[in-house]
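Chains as they are written, first to last, in this note's numbering: chain A, 100 to 273; chain B, 57 to 484.
Everything labelled a hint here was simulated from the structure, so no lab data went into it. Hints should not be assumed to be uniformly reliable.
[What the hints assert, rightly or not] Straight-line alpha carbon distances no greater than 16 Å define the calculated EDC-like cross-link-like pairs of lysine to aspartate or glutamate that follow:
1. K380/B with E406/B
2. K294/B with D305/B
3. K272/A with E370/B
4. K164/B with E290/B
5. K216/B with D322/B
6. K355/B with E439/B
7. K401/B with E370/B
8. K124/A with D128/B
9. K105/B with D111/A
10. K213/B with D67/B
11. K383/B with D414/B
12. K189/A with D270/A
13. K82/B with D270/A
14. K105/B with E267/A
15. K213/B with D305/B
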Amino acid sequence: MRNFSGRALFLDRSDINTDEIIPAKYLTGFAKEELKPHLLEDLQMEEFNPQLDVQGSSVIISRSNFGCGSSREHAPWALEVNGIYLVIAKSFARIFRQNMFNCGMMAVELDPRTIDHVFSVFSGPGTRIVTDLTQNIFKIAGNDQTAEIPFTISSFDRALVAAGGWVEYADAKY
Amino acid sequence: MGKTIAEKIFDAHCVDNPSDDVYVLKLDVVLCHEITTPIAINDLISRGKDRIFDTTKIKAVIDHVSPAKDSDTAMQGKILREWARRHHIEDFFDIGRNGVCHALFPEKGFARPGFTIIMGDSHTCTHGAFGAFAAGVGTTDLEVGILKGVCAFQYPKTIKINITGNLAEGVYAKDVILSIISRLGVNGATNKVMEFTGPVVEKMSMASRMTLCNMAIEAGGTSGICHPDMTTVEYLWKFIQDDFSTRDDALNAYRQFTSDPDAAYDTVIDHDVSRLEPQVTFGFKPDQVKPVKEMSKIKVDQVYIGSCTNGRLEDLWVAAEVLKGEKISDSVRGIVSPATSDVYKQAMEEGILKIFSDAGFCITNPTCGACLGMSNGVLAEGEVCASTTNRNFYGRMGKGGTVHLMSPATAAASAITGHITNSKLYKG
Ligand code: SF4
């Protein structure tokens, strides 16, 4: 299973779409690795610099409707090759969410109040998250604060994560 | 409680039910083209899983950019071609025998009532015209389809669209589906199956039913679906005559895949088309639709007749009837792309291509090409295209270009006048 812990990257905006996650012009290649330098390249946000902020991050925390737009699976792949296997948000676009779990990664929704709280207390470059998948808890530490935040995922999604994605899950099971 | 067609297909194909509403379905056909499949193939190779669940159930075509226009598209074709050879996939259709996937595969008899079909392409919903559950999927789902012949879906909710009334002359399936999308909105059927029923659908040819189902995704629908009937059996007869002794036997067997009268629908809509006029889109979303006569001021630079929506023989017949003895406007570039090699051949034999040519149309080989702004008729910035395709997103047929969706009759008439025009076939 992948490691769902590490430094958090806060993207304080709703409706971050798949074009912003990975621009369409990079879809013609054949290797996922080629996507690596282009993650979030077109995301225009104050105090966000894709060159500096992506590197070293392992978790993205964002607002609602993350991953909307086209169905391209290049969006989770671009995260994957950068070592970002977990996105926490208020809500996700359906296909992006499915694509994440299909790739053995996690897209976890938290209720609006919890997300607001996480942004207001922990937003910043030094925050780290440890994911405890046995107890379903995110342990967050940063800005001299800590918190334990419970989350839920379905048994099917959990199985996909444990298997490393739908390809491995299905190949073993069917 | 009765069941819908989609529910019956799910029940008949369910191999696992890993959580409440998630069904893992056994697949009858996995369709592949050269844009989305190569990356799935490469990923399977990198996982050491370059395998195929059943070579007879995988069908592949090079259609989107054919012939290849540059080294990148040539490489996409090459990866698919070599994979098909390596795995002895017999139903692989290369240039000269190819065609736009959702026109070609039904023509070969691959879509059947009760089938489950996936493809890495959003317009896979087209195949539902045969009473199949057919859905577009992402790369990982496609990989698993190729490897294991299964795919996971949410148990289907269905919107029943009962199409009633009588279509006026010169009004076609394309006008009907545009009016339905305009009514439902681009998200109106998201996550749902759109079941097209009623007297108007019963009278439609398979080609028209495919036009209907093709655009289900433009309302967000997972799949379009029509009840199999004698029209379906007639279309498929040459492929199924060894399996059934009579057409009635075939129909009886297929009847298991029709919805029960007491099936539970998410929504039921009655859609009366008696007063429907020819329709055309105006903005950059397929639910922005108006009657053609309200759009007659719009000048067009290019007219495109083709695609998986309206590039079949029936569509070319209608356009040719409008174009016969006419010349297209000097200010218009007319392009017709017969959807498949067989459509091309038949159109040639029937003299239809000559009518297009005499009218001043350029005839291309079968390919998606211009429909997705890849080749054979890409628009320049600021240009306007009257098109029989299915997506009018900004820049879809070329960066900065505008697309107006319409029927082949309206497209042909617009080519003659140079602006969006009702055809002479419409007697409204
Ligand atoms: S004709 Fe257009 S819509 Fe149809 S499969 Fe080809 S690119 Fe897609």
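- Message: I'd like to know which numbered hints this structure contradicts. Please list them from smallest to largest.
- Response: 3, 9, 12 and 15
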